[in-house]
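**Student:** In the order they appear, the protein sequences are chains R and X. With the numbering used here applied, the first sequence corresponds to residues 1 to 299, in that order. With the numbering used here applied, the second sequence corresponds to residues 300 to 666, in that order.
Quick caveat, the hints were computed from the structure, so don't treat them as lab data. A hint or two may mislead.
For lysine-lysine, the following DSSO-like pairs were computed, each having C-alpha atoms within a straight-line distance of at most 27 angstroms [what the hints assert, rightly or not]:
no.	chain 1	residue 1	chain 2	residue 2
1	X	K630	X	K313
2	R	K175	R	K155
3	R	K87	X	K630
4	X	K313	R	K96
5	R	K175	R	K25
6	R	K87	X	K313
What the simulated footprint calls covered on chain X by chain R, stretch by stretch (three residues with Cβ under 8 angstroms from a Cβ of chain R suffice, anywhere in the stretch; the number is not a length) [claimed, not checked]:
no.	segment
7	308-320
8	377-388
9	477-484
10	631-639
11	642-649
The beta-carbon is built from N, C-alpha and C at its ideal position, and this holds for glycine as well.
Single-letter residue listing:
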Amino acid sequence: MTLPAYNFAYLDEQTKRMIRRAILKGIAIPGYQVPFASREMPMPYGWGTGGVQVTAAILGPDDVLKVIDQGADDTTNAVSIRAFFAKTANVATTTKTAEATIIQTRHRIPEERLQAHQTIVFQVPIPEPLRFLEPRETETRVMHGLEEYGLVHVKLYEDIAQHGHIATTYAYPVKVEGRYVMDPSPIPKFDNPKLDRSPALQLFGAGREKRIYALPPFTQVTSLDFEDHPFTVQTFSRPCALCNATGVYMDEVVTDDRGGRMFVCSDTDHCETRQLHGHTGPGLPQLGEHASTEQETTR
Amino acid sequence: MYVAVKGGEAAIEKAHRLLADRRRGDRSVPALSLEQIAGQLSLAVDRVMAEGSLYDPELAAMAVRQSRGDMIEAIFLIRAYRTTLPRFGATRPVETAAMRIERRVSATYKDIPGGQLLGPTFDYTHRLIDPEMAGDHPVEPGARRDVTEDAAYPRVTDILNGEGLIEPDIASDAEPGDLTRDPTGFPAGRDLRLQALARGDEGFLLSLGYSTQRGYGRTHPFVGEVRIGLVDLEIDLPELGFAVNIGAIRVTECQMVSQFKGGGEDGPRFTRGYGLVFGQSERKAMSMSLVDRALRADEFDENRAAPAQDEEFVLSHCDNVEATGFVEHLKLPHYVDFQAELDLLRMLRREHAADKTAETDRQEAAE
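Please build the complete structure, drawing on both the sequences and the hints.
**Tutor:** Put into C-alpha cells, the structure is as follows:
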C-alpha cells in the first residue's frame with residue numbers, strides 16, 4: 001500500500017485543466033450552466049465542493065484567499081475551507097476583503113465593492129433556477145435552450161396574488177445580459193444588485209449537481225420583476241449595534257428569551273474595519289426592546 | 300455572547316480531538332487491527348469497496364476504522380481518495396463464466412451443470428443471537444470441496460440463450476462511458492446506468508428493487524443465477540502485445556431473468572436485468588439487477604410510470620455520498636437566508652394584522 005500524496009491545491013493538474021475549460025466556457029456564455037465532471041472532494045457535498053473545485057482550479061501560489069460563510073470569516077465551514085487551502089496549497093489567507101485576490105463565499109457578497117483584480121467564487125447548492133418549477137434536467141435544459149422562462153414569471157406572479165409581494169427572499173432569480181435566467185446561489189436578494197456590472201470576475205460552482213457558470217466582469221445582471229411590482233431589497237430600520245453601519249445586511253442576534261434582539265453586520269470584515277476606524281454602535285439592546293420589523297425599499 | 304454563535308478554529312480543533320478520542324474508545328481495550336476489520340467484518344469492508352468503487356480491502360478497513368463504523372462516511376473517505384488516483388488503463392472485461400466459484404445458486408432450475416453451491420450464506424441460519432458470540436469459541440475450518448480441473452460453471456443465462464429463450468447479451472465494442480470523468484447527461488445509456496447502480500447506495504437500490512416487486516414497475520423477475528467468487532483481471536500491455544494477469548478480485552454477479560417480450564423478428568423471449576458488485580453482496584447485486592431491468596422500460600416499450608423506471612430520478616438520487624452531503628448540509632448555518640425569510644414573514648403578518656383591524660373597524664361602523 002502506498003500512502004496518499006496530494007498535488008498543489010489538492011486536485012491533480014488534469015482535473016484542474018478540465019475545470020478551467022468549463023470555467024472558460026462559462027465566461028464565454030454568461031449565465032449558462034456548463035456541465036463538468038465534478039470530483040469527490042474531501043469535504044461533503046453541500047459543504048461547498050463546487051466552490052472548492054473552482055477555487056482549486058484557479059488558485060495560484062501568489063493568490064490571497066478569503067473564505068466566508070454567511071458573510072463571516074469565522075463560521076466553522078469558512079474556517080475549514082480556508083484551512084484546507086492553507087494546508088494543500090500553502091497560499092496566503094486573509095479576512096480582509098480588500099486584500100483578497102480570490103474570495104470563496106457561501107450565501108453572501110461582501111459589502112465592500114469588489115475590484116477588477118478580484119475573483120469571487122460562489123458555492124451553489126442547486127444551480128438550476130427552474131428546478132423547483134420543473135424537477136427534470138432534461139426539461140429545464142430545453143427550457144433554457146428555447147429561452148422559455150414564462151414559468152418563473154408565473155411563480156413570481158402567484159406570490160403576488162397570494163401574499164401581495166414577491167415571496168422569494170434569497171436565491172432570487174436573475175437574467176444575465178437579457179438571455180439566461182440564472183440562480184445567483186442562495187445569497188439574500190439584498191446582494192443581487194452587487195452582481196450587476198461588477199468589476200470582479202464572478203464564478204459559480206455546484207459540485208453535487210456538476211455545473212459551473214460565470215459572470216465575466218461588467219456583465220449586466222437584472223433581478224426578475226414586474227413593472228408594477230419592481231424588485232426591492234431588504235433594508236434594516238436600525239444601524240449595526242457594533243459599528244453603526246446602515247445600508248448593509250444584518251444578522252439578527254437573539255440576546256435573551258424575552259424578545260431582546262440585536263442587529264449586527266453580517267459581513268464581519270466590514271464591521272471590524274469600521275470599528276477599527278472608530279465607528280461604534282449602540283451596543284446591546286435594552287431589556288425588552290423588541291425586534292422592529294424591516295421595510296423594503298426600491299433600489 | 301456574540302462570539303458564541305460563531306465557530307472558530309479552536310472549536311473545530313477541539314471537536315476533532317474529541318472525535319478521535321471517541322473513535323478510539325476505552326484505551327484499556329486493544330485497538331482494532333486492520334486484519335481484524337478486513338477479516339472479521341469483511342462484508343462491511345466489501346460494501347465500502349463496492350460503493351466507494353475502489354477495490355482495496357486494506358484501505359477500506361482503514362476507512363471503516365476511521366469512520367467508527369459509519370459505512371457512508373467510510374465510503375466517502377474511499378471516494379475522496381479514489382478520485383485523486385491517476386488512471387493507468389482499463390482491464391479487459393472480466394469473464395464471470397470463468398469465476399472461481401465460492402457460491403452459486405439458481406432459482407430457475409432444480410439443478411444446473413456445475414451444481415448449486417451454497418457457499419458462505421446466511422440464508423438458512425436461524426436468526427438467533429448466538430451466546431458463543433460473546434466469547435471467542437474455536438471455529439471449525441470450512442470443508443473443502445474437490446475441484447476437478449475441468450469443472451465448469453456455465454452461466455444459466457447462457458444455457459437459456461442456447462435455446463433462444465432469452466435475449467442475448469448486447470454485444471458492443473463501444474468504449475463505455477465513465478461517470479467519474481464525464482458529467483452525466485440524460486438519457487444516460489445502460490453503461491452509465493450500470494456504473495451508477497454498481498456504486499449506488501445499497502439501501503436505496505434495495506427499496507427501489509423491492510418497489511418493482513410490489514407493482515411499481517413490475518418486471519416478473521426470476522433469479523437466473525447469483526454467483527460469488529474470484530475473477531481474474533487482465534490488462535493489455537502495449538509493450539508486450541498480449542494481456543497479462545494482474546490479480547483477482549471477489550465479485551458478486553446476479554443475472555435476473557425477467558418479463559419476456561413478444562413478437563419481433565426473434566419471437567418472444569425473456570429479458571435480462573444485470574447486477575455486478577465488488578465483494579460479497581447478494582442483496583446489492585440482486586437489487587441492482589431488478590433496477591437495471593426496470594430502467595430498460597423504454598427498450599421494451601413498457602409504460603414508464605414508476606420511480607424505479609425513471610432514469611433521471613434513479614441516477615440523480617442513488618449516490619449516498621451526494622445524498623448524505625446535501626441532506627446533512629442543512630445543519631450548516633443558513634441564518635442569512637433565514638433572516639431574509641423572517642423579514643418577509645414579519646411584513647406579511649403586519650399587513651395581515653392591519654387588514655384584520657380595518658375589517659373589524661368596517662364591521663363596527665356598519666353595526
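**Student:** Hint by hint, say whether it matches the structure.
**Tutor:** Checked hints:
no.	hint	in the structure
1	X:K630 - X:K313	holds (19 angstroms)
2	R:K175 - R:K155	holds (15 angstroms)
3	R:K87 - X:K630	holds (25 angstroms)
4	X:K313 - R:K96	holds (26 angstroms)
5	R:K175 - R:K25	holds (18 angstroms)
6	R:K87 - X:K313	holds (18 angstroms)
7	308-320	holds (count 3)
8	377-388	holds (count 7)
9	477-484	holds (count 6)
10	631-639	holds (count 8)
11	642-649	holds (count 6)
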